[in-house]
Amino acid sequence: DQQVKQNSPSLSVQEGRISILNCDYTNSMFDYFLWYKKYPAEGPTFLISISSIKDKNEDGRFTVFLNKSAKHLSLHIVPSQPGDSAVYFCAASGWDTPLVFGKGTRLSVIA
Amino acid sequence: DSGVTQTPKHLITATGQRVTLRCSPRSGDLSVYWYQQSLDQGLQFLIQYYNGEERAKGNILERFSAQQFPDLHSELNLSSLELGDSALYFCASSVGGQTLQETQYFGPGTRLLVL
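These protein sequence lines are chains A and B, in that order.
Residue 5 in the numbering used here sits at position 5 of the first sequence, with consecutive numbering throughout.
Residue 44 in the numbering used here sits at position 44 of the second sequence, with consecutive numbering throughout.
These are computed hints drawn from the structure, not numbers from a lab.
For clarity, every value in this text was computed on a predicted model and none was experimentally measured.
What you were told as hints is all true, and nothing was included just to trick you.
In silico DSS-like cross-links for lysine-lysine, where the CA-CA straight-line distance does not exceed 25 angstroms:
| # | chain 1 | residue 1 | chain 2 | residue 2 |
| --- | --- | --- | --- | --- |
| 1 | A | 103 | A | 56 |
| 2 | A | 68 | A | 54 |
| 3 | A | 38 | A | 103 |
| 4 | A | 103 | B | 9 |
| 5 | A | 5 | B | 57 |
| 6 | A | 68 | A | 56 |
| 7 | A | 38 | B | 9 |
| 8 | A | 68 | A | 5 |
| 9 | A | 71 | A | 56 |
| 10 | A | 54 | A | 5 |
| 11 | A | 5 | A | 103 |
| 12 | B | 57 | A | 103 |
Just a few of them, taken from the derived set where beta-carbon distance is under 8 angstroms, the chain A residues facing chain B:
| # | residue |
| --- | --- |
| 13 | 42 |
| 14 | 43 |
| 15 | 44 |
| 16 | 45 |
| 17 | 49 |
| 18 | 89 |
| 19 | 99 |
Yeah, the Cβ is synthetic: ideal placement off N, Cα and C, and Gly gets one too.
Just chain B, with the same shape it has in the complex (with noise of 0.2 angstroms):
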């Protein structure tokens, strides 16, 4: 147990909602991080917030947004969802954040399927 939670487990809903996927750093941490892992593309970045600002941008589709909160918990909320967005949300939380050589410890995940 990474000490990082992630909720829900998994989430079932249909192309062109809007979705919210939330996670809670592990205490201490300062960073959130957001990745998406599909099928054929591995691991991918999406986002750092680092003590409540966003710190690096990495693929992230602009329909998509997320934020930090002043507890440091963080929202990833995803809009007008097709079916290509189905994936894996891994969250991710470090100690520090001002620079990306960190050890960030991950989130069991969430399970997204757009139908």
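Bound conformation, chain A alone (with noise of 0.2 angstroms):
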């Protein structure tokens, strides 16, 4: 049972343009939002975090959108470079509810 889902497994966008990676959730007691950012051979990259009590939050080029009503989060790039690719993790968590991570998004920005 996948309580954080990343439906996309691969995103490929050109340079310049936005990136948009969805994230859904079917947990309520998550109320604690991350995304993380990982390269070959190396250990996730936090990127951004957002908590329920918000609808966005914004850091540079990256912004978290939530929308608690559909159980549902996104992460935009703009713009995209060639250096963000990546595989794109979704992680929530609670108050007394361990990390869960969604399966990640493969995002390949071309050049």
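Take the two lone chains and join them into the complex the hints point to.
Given below as structure tokens:
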């Protein structure tokens, strides 16, 4: 039973355009959400987070949107750069609920 | 560089053996978390220690155990190894850990291959 789902295993975007990565969750106990980026042979790198009291959080080129009623969050990267090519993981946790990861979306930014 | 270190980077061993993976958290972080990433399962939470005490437990097998020492480094012990234990093992740390709503910072991982 996947509590955090990333339905797109891969995404290709042209350099300079917007990348939108999506994530759905099922557990209503989740109230803290994170995105991580992972390069091959490295550990996941924290990108951005959002708590359930907000619906948007921005950090430079990265913005995370949270729609609690739909149990959906998305990560927008604008503009996309070739160095953004990596696997992106959505993750969710609650006060007493350990971090649960999605299976990841592989983003390829084409120059 | 997240500041979390893990040793060794690679480990090759045989079925039935026992190995120990080591993790040093970021300076000042009190919590350490262990995760397993196998090809078909994604990142799975195993266990969390907060300031030396077990705080949360996930899908950790009975053959696996962990501890956190007074200097806050942690070790994950895997025994009676099976082929299916081959995976990447990640350690993460966070500042606190009394709640689980914490940003976790990950180490580079240990790749375990059981032959």
